[in-house]
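Chains as they are written, first to last, in our numbering: chain A, 36 to 515; chain B, 36 to 515; chain C, 36 to 515; chain D, 36 to 515.
No wet-lab data here; the hints were simulated from the structure. Where a beta carbon is used, it is the ideal one built from N, C-alpha and C, also for glycine. Hints should not be assumed to be uniformly reliable.
Simulated restraints on C-beta separations [claimed, not checked]:
id, chain 1, residue 1, chain 2, residue 2, range
1, A, 193, C, 437, 31 to 39 angstroms
2, C, 296, D, 452, 41 to 49 angstroms
3, B, 211, D, 112, 30 to 38 angstroms
4, A, 193, B, 369, 53 to 61 angstroms
5, C, 296, A, 498, 56 to 64 angstroms
6, C, 437, D, 214, 25 to 33 angstroms
7, C, 67, D, 41, 41 to 49 angstroms
8, C, 45, B, 513, 51 to 59 angstroms
9, C, 339, A, 86, 56 to 64 angstroms
Number of protein chains: 4
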Amino acid sequence: MIKTAEQYIESLRDGRVVYQNGQNVKDVPTFPAYKQMVERSASEFYIAMLPEYRELFNVQENGEEYSFAYKIPKTGEDLQRRRNITQTLSRLGAGGSKLTGVDGLNGVAYAAHTMDKALGTDYGKRVEAYRKWCQDNDPGICAAVSDPKGNRELHAADSKQQHKDFYVRIVDRKKDGIVINGCKLHISHSIFSNELVVLPSRNHDESSKDYAVSCAVSCGTKGVKFIGTDSAIAGGGGHPMIIFDNVFVPNERVFLAGEWKFSRLYATSFARYHRLTAATYKHVQLQNIAGLARLIAEHNGLTHATRIRDMLAWFAMYTEMTEAMGKAAALDAKIDPQTGFAQPNHVYTNCAKYWFADNWHQAIKYLQDIAGGIGGTMPSEADWQNPETKPYIEKYLGGVAGYTTEERLKVLRAINGHSSAFMGILTIHAEGSLSAQRMALYQQADWELFKAAARSALNIPTDHPNFKNISRESPWKLPK
Amino acid sequence: MIKTAEQYIESLRDGRVVYQNGQNVKDVPTFPAYKQMVERSASEFYIAMLPEYRELFNVQENGEEYSFAYKIPKTGEDLQRRRNITQTLSRLGAGGSKLTGVDGLNGVAYAAHTMDKALGTDYGKRVEAYRKWCQDNDPGICAAVSDPKGNRELHAADSKQQHKDFYVRIVDRKKDGIVINGCKLHISHSIFSNELVVLPSRNHDESSKDYAVSCAVSCGTKGVKFIGTDSAIAGGGGHPMIIFDNVFVPNERVFLAGEWKFSRLYATSFARYHRLTAATYKHVQLQNIAGLARLIAEHNGLTHATRIRDMLAWFAMYTEMTEAMGKAAALDAKIDPQTGFAQPNHVYTNCAKYWFADNWHQAIKYLQDIAGGIGGTMPSEADWQNPETKPYIEKYLGGVAGYTTEERLKVLRAINGHSSAFMGILTIHAEGSLSAQRMALYQQADWELFKAAARSALNIPTDHPNFKNISRESPWKLPK
Amino acid sequence: MIKTAEQYIESLRDGRVVYQNGQNVKDVPTFPAYKQMVERSASEFYIAMLPEYRELFNVQENGEEYSFAYKIPKTGEDLQRRRNITQTLSRLGAGGSKLTGVDGLNGVAYAAHTMDKALGTDYGKRVEAYRKWCQDNDPGICAAVSDPKGNRELHAADSKQQHKDFYVRIVDRKKDGIVINGCKLHISHSIFSNELVVLPSRNHDESSKDYAVSCAVSCGTKGVKFIGTDSAIAGGGGHPMIIFDNVFVPNERVFLAGEWKFSRLYATSFARYHRLTAATYKHVQLQNIAGLARLIAEHNGLTHATRIRDMLAWFAMYTEMTEAMGKAAALDAKIDPQTGFAQPNHVYTNCAKYWFADNWHQAIKYLQDIAGGIGGTMPSEADWQNPETKPYIEKYLGGVAGYTTEERLKVLRAINGHSSAFMGILTIHAEGSLSAQRMALYQQADWELFKAAARSALNIPTDHPNFKNISRESPWKLPK
Amino acid sequence: MIKTAEQYIESLRDGRVVYQNGQNVKDVPTFPAYKQMVERSASEFYIAMLPEYRELFNVQENGEEYSFAYKIPKTGEDLQRRRNITQTLSRLGAGGSKLTGVDGLNGVAYAAHTMDKALGTDYGKRVEAYRKWCQDNDPGICAAVSDPKGNRELHAADSKQQHKDFYVRIVDRKKDGIVINGCKLHISHSIFSNELVVLPSRNHDESSKDYAVSCAVSCGTKGVKFIGTDSAIAGGGGHPMIIFDNVFVPNERVFLAGEWKFSRLYATSFARYHRLTAATYKHVQLQNIAGLARLIAEHNGLTHATRIRDMLAWFAMYTEMTEAMGKAAALDAKIDPQTGFAQPNHVYTNCAKYWFADNWHQAIKYLQDIAGGIGGTMPSEADWQNPETKPYIEKYLGGVAGYTTEERLKVLRAINGHSSAFMGILTIHAEGSLSAQRMALYQQADWELFKAAARSALNIPTDHPNFKNISRESPWKLPK
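Generate the whole structure from the sequences, applying the supplied hints.
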């Protein structure tokens, strides 16, 4: 069953506890500062029912229709279809309602099945039951992963930490469920979600096994509290802290509870899907940014200059490599023989995320360089509306004939917006920091192959199947 | 005579016309949004009278005391003393009142004297009379240089420009003065200044000789209008547009009026002083940023990690090379034999500006990387004050034991502030864009010396005095 | 028909004129300095007949077998198959015999057919007849593209050029053919080739129409002379100058002769194929380099250090993104509806080439950094053989226990070799300089799409089909 | 007393044991492969006696004349004078004879005096006696610092090292001296030196106290053996391994023998002087490289292009910042109050070294980019001499009219030479690797000052003297 926009709006009225800029938000849908985000989220449900998108966004199975987001990805094409959905939403000014949560669900599902095989546990079934519930109820869903960490040099349970709750943990185990305490940070879109898929952000050890916990929690559950990002930093509730103040989770929603050896697998399985999602939505943003760069270069009369053309070429490369790598990560998926899950190519998905994140500040520098100082010094919209000042602004802030000052100002304002502190931090840290990708690349790259390639070229024998009996001595020799 | 803070405040009430975010500002000193800037500016006058700074900031000459800012720089030590004054003000949270204007005055003075020698004109005396007036009246003073430019591919007078006023120009010449029309952009601090030193932003040619104009204009002059930067982009009036709507300037305040061959000299003479000023105040800011990087690394428990130490080492280098290059530019000053003016080493001053500007976005990336995502997602100050949410924030956003959450949040908020779009744009474009420095370096570097060095090493004879009769053949030879 | 290695060797004895380090090379196959290259080239023919590779390397068509290299690429899979062949050869220490020439042939074929459609000329048939001849004779084939250029600021025919021959040109037109004069530079592998596919390196204009010339020339043709690269710079004949000293080319081998408006199309069509070839063979080399980096890190005991792991992760990314982009360029091929030719995705193929070339010096810096100074200071192989010195070398240049000093020295020597001036220059300039890719990206990126994306996000109406009627206003709105 | 070139030549005939490319070198001065280095070294002595340089290079003291190299540096001007000497030698194609050794001597002297104060030992007197001997005998002198290290993760004495000699150590202590064993790597110029100043390359601990050893060893001492760098990598003996095969050192030449707590001080004191030396000679090389870049841009007709001008501007900056930082490091010397030694500003000297080393590969990339592919593919000198090929080469490899092909080829060959693997490795690793400078910067930067600056700006009280009682609240406040 798929939900209407109106049903979605109503679903947000579940008693959730939300704080925003010092206020206690009584009704999320009508809270003025949240208007844009609410509409954006509801539009995802709205679009999924429009005739021209319905087939792409949903699955018909046994007479039931459910959101494609809740289907198990089995092929590279499934991963690519999800990319199409995400990019369609981005282009239409909608989305986010299932963006991180589905990656959480798929990551947890894969990890749970894999752990079950190894340990004989039975979490996989719980996840699948939960997935079925999602297919039937079409919730907005969010992954809740990042812990506050405290002193990053220390493990979760280290006694030198200021307190025990820098990572979400199990504080009580009852017959019918567990009680968790802690906090998850910068959980984008969570205020507008229905479900939170909680999972560990890192590996743990025996001494910190209570931190190895994964579960699903509804946003209105008792003890769950959202504290939104300062709206002066990021509007619309941003990327809130979620407090889990002794929250009870019934067993059927618990997907990991102490099996610390698998804590890392939960984290990396999620990340593997989620970094692909990152490269997916980012491509739409980068097209936009490349367009802004080109427009302001045209407005300013700069497209004849080689150095500006070089920068614009760079923007094209920045944008298109993000897309090519994302697509490659999806289509070169690895199909896990045990579980049947399709997972993105691990190396490519990390490359894609790293590529756009590592180059973001360069892009912003170029944008600002092409735009000129006026992007940081222009008058306000109110001055533009003021008849005493508008004529001066219109006259002096115009550019090349044929473009309106109004468009130029809009473009400059957009460049200013993309250049914000928030956007820089988001790009680096969302979906895992730059270090996280480097670590993943170090761990996942096929070093045995690379070493065999090097040794083969040096005529040092190697057992690697690709280079066995191969050396760089040319196979055909001149007669002596 | 030097002015008190109170006299300075009063001097701002001269009938100036200022627009800010759609409002017409009636009284600059008491306009709430300007409070911080007004106090900061007044403090410059206040500090200059404090016993511990009075000698550094002022000159005693023939029984008169006047601001050192208005003394002609004659030695490298003079340039360095001005750097000390600027850095002292920055450290004390004051300054700006004479920052750009003195560079404008010195640039114009040098160019006018040089032009007078070449053309037999008599502008130098006017500038010196104006300087004397400044010594006697101690005004806040601003350089007004950047023109809006319109289509950057075209010259000022090109008929393809949308109108003739994209660069400030002389529209009428009267017996006792000239009338100018146009606009100067992003003139930092000008709303809080008394005097504007107008000068050309680039070279001009015969057809555009009316654009070759330099003069001094008081901020309250009829036809002068300030439109402040949108306070959502940069607070406190920021870096306004200044409209010159048919402003009359009496001859004694006109320093260039049509001698287009010297237009570029006015621009570059100013830039040469001003890029040194840039490196000067920037050093204080970079010390601050290096400190923030170190503090947040300590808060986060990261100082043991090699990659974080590498970043911190980079911050130290970024900061200290800015200072070393600034000091080198001042102390290796060139003393012009004709005019006696000390000018900063042209190559070093451009290197210094380029160094800090070109690396700014890297610094911000590193800051954000070390800080973590919370710098872009943290709750507001109001949530910190709210007793329902403060305990959660204090608990979960704490870092290493021994540091308070309050300090950590302040540091994160400061990192967010330094990361703003405005700061990036300011750093790249203020005091000349990156391209402007590269062009200056290309023009000013001693290529003949470099080529002679290369040829000498290749045993190709050269006439360069440093390499005449020198080749890379060792002078002493083994007996055959 | 496909050729044996022995037949290939014999084919080099065609009277070709070759100079190498001051000598006139009498017999290419037995010239000692060319041994490695001759064997490498012959091995390509040898491998193509080995049972395990025969199907991959060749096509069976109408009872005829010919090299897959000479088949018209019609699909992305065809392009990808060619990549497999190239990478197989690289891994086996063979190849090069058809590497550039097939790109030349395909580029010329596509351009000729396209021009024929536009101008009603008939060059396409000549190219196809030549292709048939290649299928039947299986030659080694080389593209000859780069001209010496002289003064790069000037066009080919500019009278300020020192002479008229800085670009290959038609100096005479006879009834049965043309006479060409000039030089092509750094034509890799040409000394070991049979055929040269000559084509223009750039656009030309009416005044320089004689420079718009493309044709096929056999290596032994009268007037063709090869001058090999200094073997101290690059061994094995390297990337010679080819002199065309009034060479006659019969009409059936002439593919462009004065139609200057299409000169650029010949150049870019070639480049489009050839940059994909570049990314293809480079991937094998980068696997090797990534392996060397990892091996020397292990030898030196450095794999525990975060900063070394970060570098190694970067090598993995450098290598794998080259492959992913190459594959994406092939599989996202554009099938030209007029000619049926499959051409690599223009943007991706340029991105792939630029990516590996632009990062090469970074890779070398990292390699050298990890290896340590010994890579530049180690004793010679002869010292290793000398029993007086070997024990010292073996003892002191050993690394981590478990690795031999011999392997460590081989790896260091290989790192030294990859770091050579030649390799840096090759990587930047072969298959088009960095600027050439940036220009291609600037010209080929879909700017209209990017601008429409930006305008759509700003709610500025656009006619672009992808963004028509789309704005970033969320489609679903809260009821007022 | 200062030595003549002839006396220096004779001094090399002291029975030293040298291996080069498998040969045992019988007589260093007449060994053909060493000719250039021998002449270069002898020229240093020759120049020091030329009338125009004698005063700069030498000191007159109490009727004695000795080399300024052997004077204790007491002021920043002393350090700067040494820079002048070094740069003069570089420009004249001479030098190296005292380049590293004097830094070794000064580093050891400072460390020994400092240690004596702390421990009551008496090594300082020995160093001063040795210095006096140097003043009297004017030897060529070399620092011997880098150890082979083996497994870099392990300390010198770790039992997992393959053997105990990866760092030079004391293997026997006799009444009149010590016996040392081990190897020092890449000791530039040592084959042409008279004296080796041995000192530790790193810190040691109690368990590895035998590795804390510093002493002076003459090149002809029994047990000392030199194995030169492969001349295919670096000509002229390069940067040899020096084997110390149970070498006896008399007590008066022993300057550290087990006091492990001071091992690091010996290493860092040397490095502090030596990184300044690095920046000093490098400036002359960078002038040369900037000249090559400019010349080839002119030859190629590229100086009109903005992107080439940007690269050239970068070369000017690269070159001049190296000089400015070197000069700043010298003139901002720290005068140690205990010993009177002038030491370069620690932060600036590390910045200077890091700056040129970290940017080297960028410089090479730019050089190669401007030069074009021909730098890696040009024919040999022998082809230039061959009358059959010279006309073609002269014609086709010419550039802009007015420059000879011969000069263009020389410049290209020089660019090729500077681009070598060896030069890259030398630049990164000589005088300490990039990591070594980053570590030094991390340790030496004034973090307390930076943190106080940051806290002051946040209105967090601090005890730092520069910021006590200072906050960023403006000192003057508007009346309420």
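Cross-check of the supplied hints:
1. Distance hint check: the CB atoms of residue 193 of chain A and residue 437 of chain C are about 34 angstroms apart, consistent with the given range 31 to 39 angstroms.
2. The hinted range of 41 to 49 angstroms is satisfied by residue 296 of chain C and residue 452 of chain D, whose Cβ atoms lie roughly 43 angstroms apart.
3. In this structure the supplied range 30 to 38 angstroms is violated for residue 211 of chain B paired with residue 112 of chain D, their Cβ-Cβ distance being about 57 angstroms.
4. Distance hint for residue 193 of chain A and residue 369 of chain B: a CB-CB separation of about 60 angstroms, consistent with the stated range 53 to 61 angstroms.
5. At roughly 58 angstroms, the beta-carbon separation of residue 296 of chain C and residue 498 of chain A lies within the given 56 to 64 angstroms, and the hint holds.
6. As the Cβ distance of residue 437 of chain C to residue 214 of chain D is approximately 31 angstroms, the hint placing it in 25 to 33 angstroms holds.
7. Look at residue 67 of chain C against residue 41 of chain D: about 44 angstroms separates their beta carbons, and that is inside 41 to 49 angstroms.
8. Restraint check, residue 45 of chain C to residue 513 of chain B: a C-beta distance of roughly 52 angstroms satisfies the suggested window 51 to 59 angstroms.
9. Under the hint 56 to 64 angstroms, the C-beta atoms of residue 339 of chain C and residue 86 of chain A, about 59 angstroms apart, fit the expected range.
Checked against the numbered hints given earlier, the structure breaks only hint 3 and satisfies all the rest.
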